[in-house]
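S.K.: The lines below spell out each chain.
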Amino acid sequence: MSDLARLLWESVHDTVLGLVPIVVLLGLFPRVVLRRPLPRPRELASGLVLVVLGMTLFLAGLGKSLFPLGRLMAEQLTDSVSGEGGAGWTDYGWVYAFGAAIGFATTIAEPALIAVSLKAQDVSGGTIRAWGLRVAVAVGVAVGIALGCFRIVTGTPLAAYVVVGYLLVLVQAWRAPRPILALAFDTGGVTTSTVTVPLVAALGLGLASTIPGRSPLVDGFGLIAFASMVPMMTVMAYAGLGSARSRGRRPASYAHHEPDHEEV
Amino acid sequence: MITGVSPEPRLRVPRALATFGGDLLGALRDVAPIVLVVAFFQLVVLRQPLPELGAILVGSVLVVLGLALFLRGLELALFPLGELMAAGLARRGSLLWLTVFAFALGFSTTVAEPALIAIADEAASVAAADGLIAATESARHGYALGLRLTVALSVGTAIVVGVIRIIKGWSVLWLIVAGYVGVVLMTLVAPADVVGIAYDSGGVTTSTVTVPLVTALGVGLASAVKGRNPLVDGFGLIAFASLTPMVFVMAYGTLA
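Top to bottom, those sequences are chains A and B. Numbering follows the numbering used here, in which position 92 of the first sequence is assigned residue number 92; successive positions increment by one, without gaps. Numbering follows the numbering used here, in which position 236 of the second sequence is assigned residue number 236; successive positions increment by one, without gaps.
No lab work stands behind these hints: they were computed from the structure. C-beta atoms are modelled at their ideal positions from N, C-alpha and C, and glycine is treated no differently. There's no promise every hint is true.
[To be verified] Computed Cβ-Cβ distance ranges for the label pairs, DEER-style:
id: 1; chain 1: B; residue 1: G22; chain 2: A; residue 2: P37; range: 28 to 34 Å
id: 2; chain 1: B; residue 1: L255; chain 2: A; residue 2: P39; range: 45 to 51 Å
id: 3; chain 1: A; residue 1: E43; chain 2: B; residue 2: A135; range: 46 to 52 Å
id: 4; chain 1: B; residue 1: D130; chain 2: A; residue 2: T156; range: 17 to 23 Å
[What the hints assert, rightly or not] Derived coverage of chain A by chain B (criterion: at least 3 residues anywhere in the stretch with Cβ under 8 Å from a Cβ of chain B; other residues may be distant):
id: 5; segment: 36-49
id: 6; segment: 57-65
id: 7; segment: 224-236
Input sequences plus hints: build the corresponding full structure.
M.R.: So, in structure tokens, the structure goes:
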């Protein structure tokens, strides 16, 4: 268990280190700018303690179990294909499937995305559902990672995908309902945070280092770019779907007055 | 339920426990897909037993517990702090302070971000291995620190521009288009080695603690400024903060 203790200590260290500048800023800010103390300081402080404690356990738990196993599996999956030599892009079916599945699963567990979804549900008065938004983003990450793995396997240039992808995003943005735009763009940045990055980066680096002719520097990185790009498209599609459905419905329908499932 | 028996104070602890129980169930639902995916691929596709089953169980319990605590802390501290700052700055009405604060928030939450530190170190060691920089400890350290400062600077700048957008009511689309044009132009100019790192650095800047704070700040500002809609105008800060690092890092890689 000393291993677990070390992991716990490391993640306390990381979390606290990341929080120090913020706490200093938030400590100075009310005095200097607002010239009055923050209300309910005890509640805010206990909330921050919960954030540190929660992040610590969360990261230590991931580092203890799921990350090492996920990395090992990414290596085994890529090795099992490349070992046969001269494998074509169709031989990597399980790699794409793993990329998509792990992308979806880690996105559902991404705390930053949960936060944005709760805020979006709150602000939109429930017309945007937190759970629906999270699933839309997770589907986008799944497609993005699978596409990114395909790119590494085929060795096609990253820049071409990104330029074409962002052009598609812009075309879609032109047609999407206005209120969703900023939120859709935000989800692109939110998807790739604490949970997704370590596993996905391992998958990309594993693929790039087992396939002959790929460089970990050029090809290994860049999976994350796919994971931020495609969710924008799926979220705009989700919003388009939602508004199309509500247009098709009779005005008297009460179907959208469902109770909230998310705890606020 | 029996009415009129338990006085209010006695209900407190059970209610807190029930809330926490609900939090735990929600977190369990959020984490379950990862466990299922890992188990499926290990047992069905790779046809291997789960190694260290005990460690995986302990780890999963910690993940669920941690997520539940974090989300509670989010509601108690991170969202209220973001909203309080937004309300305070709007009341103060000084664009200068708003700008200073927005930059400080973006810079400070990014510079010490563990995910960024990790990716900067990794980028430095890969750059050293490829002969882009000298393979010495100090060269690697300098490259990684330069990368971190570049990203932090770019996030600070992004939050400033994004906050001014909310105040002025500019369309988010034009800012994003301008950002993409910058990314595309820099992609054409920057060395291929840097492009991948630059694209990834855009994703890692927006951490678990930063996102709720910045989102609450944006939504709070949009609610406080007359004529702005929290949904239309309040979001978009994170989007811009993940675009600018790509441009800045590619510029850093081209110049450094």
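S.K.: The structure should be examined with respect to each hint, and the outcome stated for every one.
M.R.: A quick look at each hint next to the structure:
no.	hint	verdict
1	G22(B) with P37(A): 28 to 34 Å	holds (32 Å)
2	L255(B) with P39(A): 45 to 51 Å	holds (46 Å)
3	E43(A) with A135(B): 46 to 52 Å	holds (51 Å)
4	D130(B) with T156(A): 17 to 23 Å	holds (21 Å)
5	36-49	holds (count 10)
6	57-65	holds (count 9)
7	224-236	holds (count 4)
Checked against the numbered hints listed earlier, the structure breaks none of them; every hint is satisfied.
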